[in-house]
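**Student:** Chain by chain, the residues run as shown.
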Amino acid sequence: MGKAAVVYVIGLSLIIGIGLANINESSVGSMDTYSTYFGRTMAHNIALAAANLGTHRILFNTGSSSAFNGTFNGGTYRVSFADTGTAGNFTKFMTAEALYNAGGDEIRDTVQAVFRRVTFARYAWFTEAEVNGYVRPNGKNGPYFGHNDWKITGDSVWGYAHTNYKFNLAGRPYFHNKVTATNAATLMDFKGEKDPIYNEGYEWGVTIQRDTANIGILRSFANQGSPFAPYMANNDVGLEFFADGTARLEVPCGTGALVDTVVPMSQLTSSGVIGVYGGDLHIKGTYSGQYTVAAFTGTGATGLKGNVWIDGDVLANDSPRGNPLSKDMLGIVAERMGYITKDPTRTLSSVLYIDAAIYAHNGEFTAEDFWILPKSGRVSVFGSLVQKSAGSLGVFTMAGLQNGMYYSIRHDPRFLNLGPPKYPFSTKYRLVAWWEG
Amino acid sequence: MSIVLDLIGSIVIAGFVILIGLQLNQTIAGNADASTANLNVQESMVDIVQSIEYDFRKMGYGVPEGVPALIDTGATRISFRSDIDNDGTVDIIEWYTGPVITGLPNPNIRVLYRRVNGGNAVGAALGVTDFGLKYLNQDGGPPVSLSAIYIIEVTLQVESPYKVQDQIITDQSYEDMEYAVAFWRQTRLASRNIKRHG
Chain A
1 MGKAAVVYVI
11 GLSLIIGIGL
21 ANINESSVGS
31 MDTYSTYFGR
41 TMAHNIALAA
51 ANLGTHRILF
61 NTGSSSAFNG
71 TFNGGTYRVS
81 FADTGTAGNF
91 TKFMTAEALY
101 NAGGDEIRDT
111 VQAVFRRVTF
121 ARYAWFTEAE
131 VNGYVRPNGK
141 NGPYFGHNDW
151 KITGDSVWGY
161 AHTNYKFNLA
171 GRPYFHNKVT
181 ATNAATLMDF
191 KGEKDPIYNE
201 GYEWGVTIQR
211 DTANIGILRS
221 FANQGSPFAP
231 YMANNDVGLE
241 FFADGTARLE
251 VPCGTGALVD
261 TVVPMSQLTS
271 SGVIGVYGGD
281 LHIKGTYSGQ
291 YTVAAFTGTG
301 ATGLKGNVWI
311 DGDVLANDSP
321 RGNPLSKDML
331 GIVAERMGYI
341 TKDPTRTLSS
351 VLYIDAAIYA
361 HNGEFTAEDF
371 WILPKSGRVS
381 VFGSLVQKSA
391 GSLGVFTMAG
401 LQNGMYYSIR
411 HDPRFLNLGP
421 PKYPFSTKYR
431 LVAWWEG
Chain B
1001 MSIVLDLIGS
1011 IVIAGFVILI
1021 GLQLNQTIAG
1031 NADASTANLN
1041 VQESMVDIVQ
1051 SIEYDFRKMG
1061 YGVPEGVPAL
1071 IDTGATRISF
1081 RSDIDNDGTV
1091 DIIEWYTGPV
1101 ITGLPNPNIR
1111 VLYRRVNGGN
1121 AVGAALGVTD
1131 FGLKYLNQDG
1141 GPPVSLSAIY
1151 IIEVTLQVES
1161 PYKVQDQIIT
1171 DQSYEDMEYA
1181 VAFWRQTRLA
1191 SRNIKRHG
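Protein sequences, first through last, are from chains A and B. Sequential numbering of the first sequence, starting at 1, is according to the numbering used here. Sequential numbering of the second sequence, starting at 1001, is according to the numbering used here.
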């Protein structure tokens, strides 16, 4: 009997022992699974935190390129940078590596990112402030100077929109692409609605400075290798583009007293930049090739020069409106103002076409004396518009257009990554790719 | 006579002890089975989650501006662009669930498929019973378009193919038992590449 009891006890102990060992093994396995996932998550989060630190350094200090390392949340990290690219296309690569010890297992994770300084042509609409800044050629302000620019129900922006102040939005204006601004938008009720449509979202707190150095860079490249370069200073210049890649150069514009000739565009510049210093530039016609035309403010008597005048349609020979692979591309840069020249022949059904990226550094793109113009139809810009202030083309009331022109701006998708030659670019890096391991 | 009584008593007691032992063995075996099933669904869950996270975190990587990263956004399927293998070529990645698998004790198990560039779908038949996707804009609300999607909430549930014993209530019939379940929800799983615009 005593021996049998011993056998029973030993047997039960074995059964219980084996069963508990199985359960214990499962529990340990379960904990191991949890621990491994936890370790990987920790390593990943440390790499993310390090990448965020590195991103912050790049976005708030363009010159930051020094690698750094540290410890965080029980792990270690190292962030390194590599620079490539040339003016207008600077690229910075960032690698953030993390190491986390999960119960003896060293788990690594990596996050990589690419940052780039981008062309301003990527914006469909960019202003320093959403206010009218019309200044006449003689330096006097227009009647609407300083008035807020409002986008209202029925207005739409196709392409990225940005202002370094704040948007004024009434009702339900439509933004097809992401909207950014330094400050949150001011909203106003319009016909019972106060709800702008941000199709791609919005982000406030974003400021993108327009560096004056861009103008200096353009000037340094202007008219390189051109026999006509001496005429491009302190004169108003007329350029009429032709589809065969030539242009009529008229100096001074209107008389041609100094130069009046048709030449290949390649004779006007080898760098792709044609610039007038201390004079205004008048343009129209159909261009072939890739160019940036610019007008720079002079000093003294020419201090109010540096305006670009659109005298007629400015069209790409191979229209990007129909061919997104078109190689024809034009940048129009005014250090001061961009004016659409008054044309009394325009009617309500007229359309003025402009295929270009337009940049007004100290002014805006507007229509000459728009507030006294008769109803003059529509301006159709296919490209990009970057200005200091928000230029107007017409006067509107609740009844619609009263004077001037309607506005239609469509962004040229080719400008998302590449601008016209030496076109102004941001001094701030922008995140263009993010890789998590 | 007393010996006989001792023997009878011993046999009765031994019988009880053997019955207790058998019951104990059954309970322990059931518990071990449940623990193993739980471990299996957890390991399956982690495997699938790692694959999902690997892909979803790269959503939109290498995709040129102006080209949408997201292609198809369904409640149980998603299709997006990404240079997933970092070879400079943008790929199209799809994740979706297939029909329920018949012939298993658990009638809710499906195959979770992953397909790259329209090639052969690779299925993960690891007990997935729920694969849910919810798309949100930057404010956590419903997006007005694919471009407005900033956040993707992913829900995944994995179950064992057969029911397992409850670890507390050990005397259930098989009908009353439940499947081992592992549940995972990532409420902020979104690649930075799909919100870098602007």
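Rather than coming from a laboratory, the hints here were simulated on the basis of the structure. Treat the hints with caution; some may be incorrect.
Distance ranges between label pairs, derived from CB positions [said to hold, decoys possible]:
1) A:Ala67 - B:Arg1114: 15 to 21 Å
2) A:Pro264 - B:Gly1140: 56 to 62 Å
3) A:Phe38 - B:Val1122: 25 to 31 Å
Stretch-level coverage of chain A by chain B, calculated; a stretch enters the list once three of its residues show a Cβ under 8 Å from a Cβ in chain B [said to hold, decoys possible]:
4) 189-199
5) 287-293
6) 297-303
7) 350-356
8) 369-380
Ideal Cβ placement from N, Cα and C applies to all residues, glycine included.
**Student:** A separate judgement is required for each hint: does it hold in the structure or not?
**Tutor:** A quick look at each hint next to the structure:
no., hint, in the structure
1, A:Ala67 - B:Arg1114: 15 to 21 Å, "violated (36 Å)"
2, A:Pro264 - B:Gly1140: 56 to 62 Å, "holds (58 Å)"
3, A:Phe38 - B:Val1122: 25 to 31 Å, "holds (27 Å)"
4, 189-199, "holds (count 3)"
5, 287-293, "violated (count 0)"
6, 297-303, "violated (count 0)"
7, 350-356, "violated (count 0)"
8, 369-380, "violated (count 0)"
Of the numbered hints listed earlier, those contradicted by the structure are 1, 5, 6, 7, 8.
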